[in-house]
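**Q** Taken in order, these protein sequences are the chains called A, B and C.
Just so you know, we're using my numbering here: the first sequence kicks off at 1 and counts up by one.
Just so you know, we're using my numbering here: the second sequence kicks off at 1001 and counts up by one.
Just so you know, we're using my numbering here: the third sequence kicks off at 2001 and counts up by one.
Hints are computed from structural coordinates only; laboratory data are not their basis.
Don't take every hint at face value.
Unchecked claim - Calculated pairs, DSS-like style, for lysine-lysine (alpha carbon to alpha carbon, straight line, at most 25 angstroms):
hint : chain 1 : residue 1 : chain 2 : residue 2
1    : A       : 436       : A       : 400
2    : A       : 637       : A       : 655
3    : B       : 1087      : A       : 725
4    : C       : 2174      : B       : 1087
5    : C       : 2097      : B       : 1087
6    : A       : 637       : A       : 613
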Amino acid sequence: MFAEEAAGEAAHAAAGWFLEHAWLIPVIPAVAFFLIIFFGKKMPKGGSEFGILAMVASLVIAAGTAYQWIDWSHHSEEPIIKSITWWESGGLKFGIGQHIDGLAVMALLLVSFISTLVQIYSTEYVRGDRRYTHFFASLTLFSAGMLSMVLAPNMVQFILGWEIMGLCSFMLIGHWWEEEANSRAALKAFFTVRTGDMGLLVGTAMLLAIFGTLDIGGEGGINHLAATGEFDSKSMLMWAAIALFIACIGKSGQFPLHTWLPDAMAGPTPVSSLLHSSTMVVAGVFLVARLYPVFHTGLDINIAGQHFNFIAVIGGITILIAAALAFVQNDIKKVLAYSTVSQLGYMMMGLGVGAWMPAVFHIFTHAFFKCCLFLCAGSIAHTGSHHSFDMKTDMGGLRKKMPVTFWTWIVSTLALCGVPFFSGFFSKDEIIDSAKHNHYTVFGIIGLIGAFMTAAYMTRATYLTFFGKARGGAAHFVDGHEDHSHDEAADEVHHDVDGLDTHRHPVHAAHDDHGHGDIQHGKPLPFAPSDSPWQITVPLIILGALAVVSGYLNAAPFKLHYFEHWLESSMGLPFGEEPGMIPEPPTFSWAAAAPSIILVALGITLSWLISKKVFGEEKNGLQGLTQRNALLGAGHKFLVNKYYLDALYEGVIVKAIAHPIARAAYWVNQHVLDGVVNAVGIGGRRTGEWVYRNVDQRVVDGAVNGSGATARGAGGVLQPVQSGKVSMYGALLFGAAAVGALVLVLVNS
Amino acid sequence: MLINQFLLLGALLFCMGVYGVLTRKNAVMVLLSIELILNSVNINLLAFDAMNGGSDGNVFALYIIAVAAAEVGVGLAMVLLIYRNRKSISLDDLSEMKG
Amino acid sequence: MVLASDIQVAQNIGFGIIALMMILAGVGVIASRNVVHAALSLVVVMAGAAAQYVLLSAEFVAVTQVLVYIGAVMVLFLFGVMLTRAQLGKDADLNNKNAVIAAPVALLLFGVMAYALIDGFADDKIAATTGAGAQPQDTAAISDLIFKPYLLPFWALSFVLLAAVIGAIVLARKD
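Taking the hints into account, I'd like the entire structure generated from these sequences.
**A** Written out as structure tokens, the structure reads:
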């Protein structure tokens, strides 16, 4: 190890300070976590100082690292790997350290940047919360976990970071655990991701078995060995890839384990924007991108003649079903959640068709605009809709009074839809293009349909939120009075939207009530005079700007390929057309991009018109269509119940498997284990009693008593000798004398 | 006369005296039995004297008679004392041992 | 060859009768239920013994026996009986339980002694004590023996008698 390190050190002796010390990036938030835990409550700002400072420090180092990496990548493709062995057993070394290459640098920068913005945002959003300090502690720990994951040099550290993120997700989703729905959502998230994590462990073990090492990069690392074909069993590699991908299905919310993501919206909005849109959920995508040679070789991604593979199929399905579900949501965060799932499907599909670079670039751009969208939703709830996320009952007409929120929302939506010259266009479109180019035509079509649907549901959400007449909480904000006229109507159409019967009160259909307890409806609340405070709006503006600008790092129409250059070495496989190589992204042509642009425009227009008709005030034939038409109604119900997947998972699978197993385990525990223990105890007691009765009382005591009785008996027998009677003594005397005389006579005769 | 007849007579009396000493409960009876024994010894002594012709046996027989007298005197005095203290001269009653 | 003068028929018959009397009286001593009867039986035994002493030509001893033994000792016995109020007349049970042991012991003792005697002195004869060749007892010889070789026992005996007299008086006085 030392020799390797020394050689490695010599190899990048020219690497800069930031590159050498990039491992500080996760360490600083980790230290801040402990500081917040121990000292946060005593600090004037409740511990958020540590969090923000730590994230800013990480951001600075990450920026420095990025700068130096850009420098480095001009002349070298070697990643900077540093590792200290913290445990060694049986020839296997477990190290902890850093693996800095383009992908890691991108992720580090992304995570630290978004974490910083979200933490600043949170200082206003969760102001006055009952667990303010712990919130920041969890956010900081999460950042530490993800940062340590993205620069992990081996699978062990990767899994460590992965699990820390899962833990923080659980803690943060259930931040307001006093309401049962929130804690249930947290548990659901945790268990669903955990189900997938089995695949992670199995896959890692298989990788260890195949390659004999857990190191990801470097000459003897998994990527290199997989890329050069130095392994024995291809089928085992395939199964390892499948196992690892199952973990990605769980973590990144792919079908069929996507059900936890929408429920995770029960957490505070900063959590949703940080974890469940930009950073944590892309961990699965990151895993695939990081270990791409394993997947590419194991699943034969770009082998000629392949038109389907596991990753692409799952990604494709996810795109469509999530987009469909986004149409029937009333909760704005749920719309964004399904949108996230759908976009994650895009990333997975991109990786599945061999479009590594577009997929990773989509991670990058998606983070900015999706985070911005979530923060906008939070801004609306915080200021405009009286803490409600329900678009139908508490929003509407907010665009005039919340201009910053409105315009950043619009910009991010356009980016999400893939409107040209916004960032999403450059990333998402390339995925679709690559799919078609790499002979995965079906998935290209799926991508196009998905683009259409994305545009449509986002327009619907935009209309409901910002246009039209202000309703409910929004009315209170916009007009300064409360609008009850729509509450009863909203109550009627407000059936059990998602099966959760806990909130009949229309205002509290959403679960994010900021921890202020039950808000009395009817009591006039002071309304904010204008848009949200600067801690909220400034991050929005920054992210909105990035939603536009970030795309130009890899803008194919303008021949800008910076991103590609910087991350090319991270693919693990070279560009090329032979098997075992990744095809080059296709050269951009407006003709090829035309279908998607047209579909997007179509989607926006159609959705706008339909939304105006359905959600507007004038009565027309489209309103209430789903109630009148049986077929549409059935389809609506099917979507509203999320394809009955939740019922399947919880009602059937969990009940049929977990409950009998739990009961059986309980029976075994009570009757077998406890029975054995009790039997041993009873046996011991009976043995003790038997020994007491027979051995102790009879034998031992008998012997003791017997000896005493013998002594007494002997004494009793001999006692008459000492009778005190003279005649007795005389008798004995004469008797002895007579015997003596006899003996004497006999002897002498 | 055979000497044996005197000796056997003496032995017989002796054994009868032994029997009496061991058997009798009354202290005075025991003393009587002791006299029997002493008399038998006397017969023995004098028989041997007659056989051997000397006079030593006679001397000792006289001595024995004197001793017997002394012994009876003291013995009866003791019996009297015991009788005064215990109101009984049964040897069985004289034992203070328990059991 | 046994001569008629050796056999001494008269002495033997005399001996036999007296012996028989003594034995019966001895049985009376040990088996009588009456204390006084037992004491009187003892008198008979002593008288018989005196007669035997004469047969053995120990006249002085015989006389001493009668005077001292019977005359003083037995009277003393009868005094003792009287003073201790032993039951005059029949006594319920004068024998204790030792008879079981005493009889075998006595018999054993007699058996052993008899055997030893018969074995040891089978045919030894005593010289004639009367008739021709009889040697009379010489009292002077006895006193010579007493005061010369056996003086010390004589003194010891006198001390014993003194101690007995004083002791008896001390023991038996009432105060």
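**Q** Please list, smallest to largest, the hint numbers that this structure does not respect.
**A** 1
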